[in-house]
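Residue numbers (the numbering used here), protein chains in the order written: chain A, 33 to 423; chain B, 68 to 339.
None of these hints come from the bench; they were simulated from the model. Don't take every hint at face value.
Ranges of calculated distance between the beta carbons of each label pair, as one might list FRET restraints [as the list claims (entries may be wrong)]:
(1) H283(A) with L153(B): 19 to 25 Å
(2) K403(A) with A94(B): 51 to 57 Å
(3) L153(B) with G338(A): 33 to 39 Å
(4) I337(B) with P96(A): 36 to 42 Å
(5) A94(B) with C99(A): 54 to 60 Å
(6) H283(A) with S205(B): 26 to 32 Å
(7) T251(B) with R91(A): 54 to 60 Å
Beta carbons: idealized from backbone N, C-alpha and C, even for Gly.
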Amino acid sequence: MKIVVGGVGLVSALGSGVDANIAAMREGRSGIAPSPSILRTGNKIPVGEVALTNDELHRRLNIPIDCHLSRTALLGISAVREAMNDARIPQGLRVGIVSATSVGGMDLTENFFREFIADESRGRLRDVRMHDCGAGTDAIARYCGIEGYRTTISTACSSAANAIMTGARLIRHGVADCVVAGGTDALSAFTLNGFKSLMILDEKPCRPFDESRAGLNLGEGAGYVVLLRGEDAADPYCTLAGYANRNDAYHQTASSADGEGAYLAMSDALAVAGIEPSQVGYINVHGTGTPNNDASEGAAMQRLFGSHIPPFSSTKGFTGHTLAAAGGIEAVFSSLAVKYGLLYPNINFKKPIDGRGPVPVCEFAEGKDIKYVLSNSFGFGGNCSSLVFAK
Amino acid sequence: MDMECFVENIVTDKQVTSDIKELIPDAGLRRRMSRILKSAVMTAIECAGGTDGIDGIDAIITATGLGCLSDSERFLRNMIADSEQLLNPAPFIQSTFNTAGGQIAMLRHNHCYNVTYVNRDCGFEDALLDALMRMADSQSRRVLVGAFDEQTPSQYRIMERMGFWRHGTCREGSVFTTLTAMPTDSAIAELSCMDFLSGPITEENCMKSYSGGDDAVLLTNDMEDVGLFPVVPARLFAEGVRKIAEGAERVIIYDRHGGDRQTVMVLKCIGH
């Protein structure tokens, strides 16, 4: 059974909607700001923040402010609505959702906790109502009219890739006819301070795959694809031809030097798609900009592709690392890369790692003949997932 | 849905008899693990038949409601109390929902499929469905599926303020099961059916539709239970397996998830 991408939707620091995001990348304009302006934190450190407050998001989405949805849910609703409008899903299909998040409603919980730890009778309860990850998915389903099978996945930064993989399998097995799959994560002081405590945040704009890279910039946003059986989509972007989930099983937060998990995920995904490494036309790498990830992912790519690594780039220099949303946002970029032959620049790249590391795409290009795109998403807990999108 | 698998083993945290020092010899690792992580990982290892047993697992699928809650809470408290300065990363590292699944894989460098569902009390059934799909596609032959949930005093206080009643059900703990695509010598039960209904049905109709003429036992979940914790349905599943082990021909598990979703699972005795 052929599973296709029938619609796409996203919001990131580059803007709301697919067009705004592609336009920004075409112009080489990054969404990373020197420090957060909406997030409540004392940290002055670069982030990719969506330039809309929660109240503004409620208004734009036509949701009463009293509903008091978490930022994670609001970003998700924005992207899912766009993807569903784009897909024009045929009537009568059982539509499900597989959504990914790593923070859930933490952005609101933080407000609650500031008061609660001083006095346990204080803190507004409506700030913790959406704490758990499933609550955000429920809200997305409710405000987007999704009534079928619904679940939530959280495997840290690989979450949305796993959601997309699961969505395809649910259609294959007849659990749903159509699945909206992807991920959403809001910036939170919790994650910003978490990554800061791990000392993997760059104090300057991140430089994935560059010799001088010194860490990642956190971002926020949401990205979703509408998965359908081939026969149900009139004008699909591409086919979801392969997918794989493997574990690095090396360290809770670090990747192995030889990139074993990444290598296994990429090679398995190509095997599922039934293609050779030489057929891949573009790789949207995980490429966070941390010394460890890029060295490990680079090593895995060298193992799989030898000296013929296909054109590749990290788009995280534009969006920041959007954690559980990253695999969704990058699945949208990958789908467009297949349909329109796009290559995205890996901004801020100057020198390859150790002078001989892989060199990413540095110029925006379109109209390229790209048949297969590989998208990588790796996370804490050793989770490594790869997706293959095909013409 | 026409998918099936066999329950080879099922263990709850209360049944773990091994010494943690034997199962997890690394003292440093033991020290870093929170209470719920220890509970989940110990239960998983015991279920797999010891640490070596992890080698034979080709998918690790976990479910949790609020994850490693005490670590999340600790990081949040430190962050606020210390004004975002000089924070210890350990509780942040441990707070991710997939920590238990990752730890199990790391113990034996098992590179297999590894995923975590965080879908309130539906997560355990979502994990079972994932396992069934993997086995139907011949991608896995022996899958470890588990649910774990932790409760903290703050969370209890918050839920109390929200007006949830505490009525007997313990929602903390771990349940792990090993499922196989083919029956093994130690198979206890067959999971022969898993259906997501389009709406609630009466218990009588559920029995009629799923008993298949057998002398079936019906198990249902408490409708009033707080629907956040997949360990609750996981315990119900364990009870169903135990009833088969004790001689029941067929057990029908009907979970109404507080009216939010209706799942039916059918367990049968082996060779029936």
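Comparing the hints with the structure gives:
no.: 1; hint: H283(A) with L153(B): 19 to 25 Å; in the structure: 23 Å, holds
no.: 2; hint: K403(A) with A94(B): 51 to 57 Å; in the structure: 52 Å, holds
no.: 3; hint: L153(B) with G338(A): 33 to 39 Å; in the structure: 45 Å, violated
no.: 4; hint: I337(B) with P96(A): 36 to 42 Å; in the structure: 55 Å, violated
no.: 5; hint: A94(B) with C99(A): 54 to 60 Å; in the structure: 49 Å, violated
no.: 6; hint: H283(A) with S205(B): 26 to 32 Å; in the structure: 31 Å, holds
no.: 7; hint: T251(B) with R91(A): 54 to 60 Å; in the structure: 58 Å, holds
Hint check: violations occur at hints 3, 4, 5; the rest are consistent with the structure.
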